[in-house]
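Listed below are the residues making up each chain.
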Amino acid sequence: MNQIFIAPFVENENLRLALLASMLVAITCAIAGTFVVLRGLAFVGDALSHGVLPGIAAALIFGVSGIIGAAVGAGVMMGGVNLVTRRYKLSSDTAIGLLFVGMLALGVLITSSSSKFPEDLDHILFGESFAVKSSDLVWQGFALLVVGAIGVIARRPFLLMSVDDGLAQTSGFNVTFFQNLMMAMIGLTVIASFQTVGTLLVLGMLIAPAATGVLFARRIPSMMLIASVIGCVASYSGLLISFHFELAASASIVLVAVSIFAIGAVATEIRRNRNLRHDELPHQHEHTHAH
Amino acid sequence: MHTDTISTSKLSIGFGRHTVVANIEFTTSPGALVVLIGTNGSGKSTLLKTLAGMLKPISGSVKILDGDPGKSPRRVAYLPQHPISSHTLPLRARDVVAMGRFANLGLFNRESEEDKRILNTSLERTGSIEFAEKPLRDLSSGQQQRTHLAQVLARQAEILLLDEPTAGLDINGRKLVAELIASERARGVTVVMATHELQDAENANTVMLLAQRVVSIGPPEVALRDEFLRECFGFTQPH
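If you read the sequences in order, they're chains A and B.
In terms of UniProt numbering, the first sequence opens at residue 1 and continues consecutively.
In terms of UniProt numbering, the second sequence opens at residue 1 and continues consecutively.
No lab work stands behind these hints, which were simulated from the structure alone.
Note that the Cβ used here is the ideal one computed from N, Cα and C, for glycine as well.
Don't take each hint at face value.
Far from chain A by the CB rule (all over 10 Å, computed), these chain B residues [claimed, not checked]:
| id | residue |
| --- | --- |
| 1 | 3 |
| 2 | 19 |
| 3 | 26 |
| 4 | 59 |
| 5 | 61 |
| 6 | 66 |
| 7 | 92 |
Label pairs and their calculated CB-CB ranges [as the list claims (entries may be wrong)]:
| id | chain 1 | residue 1 | chain 2 | residue 2 | range |
| --- | --- | --- | --- | --- | --- |
| 8 | B | 112 | A | 3 | 49 to 57 Å |
| 9 | B | 124 | A | 88 | 36 to 44 Å |
| 10 | B | 227 | A | 184 | 51 to 59 Å |
| 11 | A | 62 | B | 17 | 44 to 52 Å |
| 12 | A | 259 | B | 196 | 41 to 49 Å |
| 13 | B | 196 | A | 272 | 30 to 38 Å |
| 14 | A | 177 | B | 124 | 30 to 38 Å |
| 15 | B | 170 | A | 247 | 53 to 61 Å |
| 16 | B | 107 | A | 79 | 52 to 60 Å |
| 17 | B | 175 | A | 272 | 28 to 36 Å |
To be clear about the criterion: a stretch of chain A counts as covered by chain B if any three or more of its residues have a C-beta under 8 Å from a C-beta of chain B, and this derived list gives those stretches [what the hints assert, rightly or not]:
| id | region |
| --- | --- |
| 18 | 148-160 |
| 19 | 239-250 |
From just these sequences and the hints, can you work out the full model?
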């Protein structure tokens with residue numbers, strides 16, 4: 001058992017670093033993902049995760065850090081969405097859709113312009129878990145601290161906005177500011193996660209554990225805790241599957257996270273049906289006696 | 001002494017450049033109840049949102065507690081119409097009511113014993129205490145509405161802006177809302193309420209009939225005359 005479940009992480013430094021990085025990403029995604037799910041921002045998360053692509057690709061061409069490129073890409077994406085929404089009075093999902101496909105197309109154009117890109121593009125889209133370095137962990141830990149601090153400080157306006165923007169505004173919170181802060185938090189999460197799980201699959205870590213949390217939690221902090229635990233379990237199991245069966249690491253992690261959601265959803269459904277049957281039993285009992 | 005809690009002058013409200021209702025003129029004093037009645041799209045919610053500071057007036061002036069709308073979040077509470085998104089959130093009824101204290105707590109203050117006392121009193125007054133620990137999504141629509149009413153009471157505000165507070169409530173629930181409004185008025189709170197129900201206007205100081213314009217305004221016996229009701233709804237009350 002030890003050989004299957006523990007030894008790979010003890011004996012293989014790359015796998016150990018990948019596990020640490022994945023867990024940092026999982027907890028960061030759990031915090032940001034909770035608000036993404038509560039506020040219904042999955043499409044924004046999807047768009048942001050694709051919007052960073054041209055930034056990272058351009059950074060690789062100019063020999064700059066991919067993180068800086070991703071930050072610029074996320075900034076352009078968020079600024080563009082704000083501009084289109086306000087200036088042209090289009091709905092936010094239309095603005096997000098426009099920027100999303102525009103940035104994705106630009107990213108593909110940049111990457112197709114160089115012969116060295118096919119491999120890099122693969123790494124950008126699907127991550128490179130086993131290439132994580134110690135210095136990456138420092139950056140990911142810093143991102144987790146910032147995202148956690150935003151989540152704690154802005155928890156009240158974020159919660160009010162999840163119910164109704166008007167409630168937040170009439171409680172004295174500047175909705176525009178806190179909406180932008182939430183977007184920045186999601187952007188930072190995407191930037192901090194792309195190396196480990198890739199820009200395509202980061203959405204899975206943002207959504208799946210938090211969505212599972214919604215199924216079982218009665219309070220927001222419990223939802224975050226459940227999402228964090230599920231994210232960490234998915235990281236460990238996904239890496240283990242990837243190691244033993246020589247499968248792509250990030251895809252394995254995300255697939256485990258989505259599978260946990262599916263199991264959770266089925267379990268919730270079974271529990272609900274059982275409760276319904278239990279509620280109906282006394283009536284059946286009365287019915288039998290009446291006859 | 002100047003005691004107007006709300007005063008408007010030639011107020012035009014709407015979205016962007018689109019005017020929904022023009023020339024609204026009314027004032028309220030502490031303890032007053034103003035009831036806004038009209039069909040869907042008549043301008044009731046738009047007026048409440050303007051008073052709450054969520055929409056800017058298109059023209060004219062509006063003063064809330066001698067200041068601009070939205071500048072006194074601790075003193076003005078707003079109950080939105082059907083806050084449906086909250087029904088899917090993992091929140092207990094108690095947590096939803098606790099959100100009513102956020103305007104006072106801001107970002108950093110911790111919940112005090114006084115906040116907890118206000119929270120429990122609000123739950124008790126609305127009859128929500130019995131399901132306070134249950135998730136909001138497991139409650140009936142009437143129980144959810146009671147929870148949101150408790151949240152508004154927890155604000156301890158001087159002005160309550162209520163958008164259809166009786167929606168989804170049975171006859172007991174409606175009676176409870178009427179009692180709560182009466183007790184809030186007794187402690188000097190001004191209440192502005194939007195509704196579809198003519199019965200809700202019984203105890204109002206001022207009734208405003210809206211149909212994308214002010215059809216009538218005044219005490220119930222004046223504002224709800226047959227000719228105004230016919231103009232607003234196309235029918236009159238059975239006598």
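Review point. Taking the beta carbons of residue 259(A) and residue 196(B), is their distance inside 41 to 49 Å?
Key: Given range 41 to 49 Å: holds, Cβ gap about 48 Å.
Point to revise | Outcome, coverage of the region 239-250 of chain A by chain B - at least 3 residues whose beta-carbon is closer than 8 Å to one in that chain | key: n = 0 at 8 Å, threshold three: violated.
Point to revise | Cβ separation of residue 227(B) and residue 184(A), checked against the hinted range 51 to 59 Å | key: About 56 Å separates the Cβ atoms of residue 227(B) and residue 184(A), which means 51 to 59 Å holds.
Exercise for review: Check the following: the C-beta atoms of residue 107(B) and residue 79(A) are separated by a distance inside 52 to 60 Å.
Suggested key: 25 Å, violated
Check your understanding: Is 30 to 38 Å a correct range for the gap between the Cβ atoms of residue 196(B) and residue 272(A)?
Key -> Taking Cβ atoms as reference, residue 196(B) and residue 272(A) lie about 34 Å apart, which means the hint holds.
Check your understanding: That 53 to 61 Å hint for residue 170(B) and residue 247(A) (C-beta), does it hold up?
Key -> 57 Å, holds
Check your understanding: If you look at each residue in the region 148-160 of chain A, do at least three have a Cβ nearer than 8 Å to any Cβ of chain B?
Key -> Contact hint for the region 148-160 of chain A vs chain B: holds, 6 residues under 8 Å.
Check your understanding: residue 92(B) clear of chain A by more than 10 Å, beta carbon to beta carbon?
Key -> 6 Å, violated
Point to revise | Satisfaction of the hinted span 28 to 36 Å by the C-beta atoms belonging to residue 175(B) and residue 272(A) | key: Roughly 33 Å apart at Cβ, these two residues keep to the hinted range, so it holds.
**Study point:** Status of residue 66(B), Cβ more than 10 Å from any chain A Cβ
**Key:** Check passes; 18 Å lies beyond 10 Å.
**Study point:** Least C-beta distance between residue 61(B) and chain A, which was stated to exceed 10 Å
**Key:** For residue 61(B), whose nearest Cβ neighbour in chain A is about 20 Å away, the distance exceeds 10 Å, so it holds.
Practice item. Determine whether the non-interface label on residue 19(B) survives the test: each CB of chain A must be over 10 Å from its CB. Key: The claim holds: residue 19(B) sits with its nearest Cβ about 17 Å from chain A, beyond 10 Å.
Checked against the numbered hints above, the structure violates hints 7, 9, 16, 19; every other hint is satisfied.
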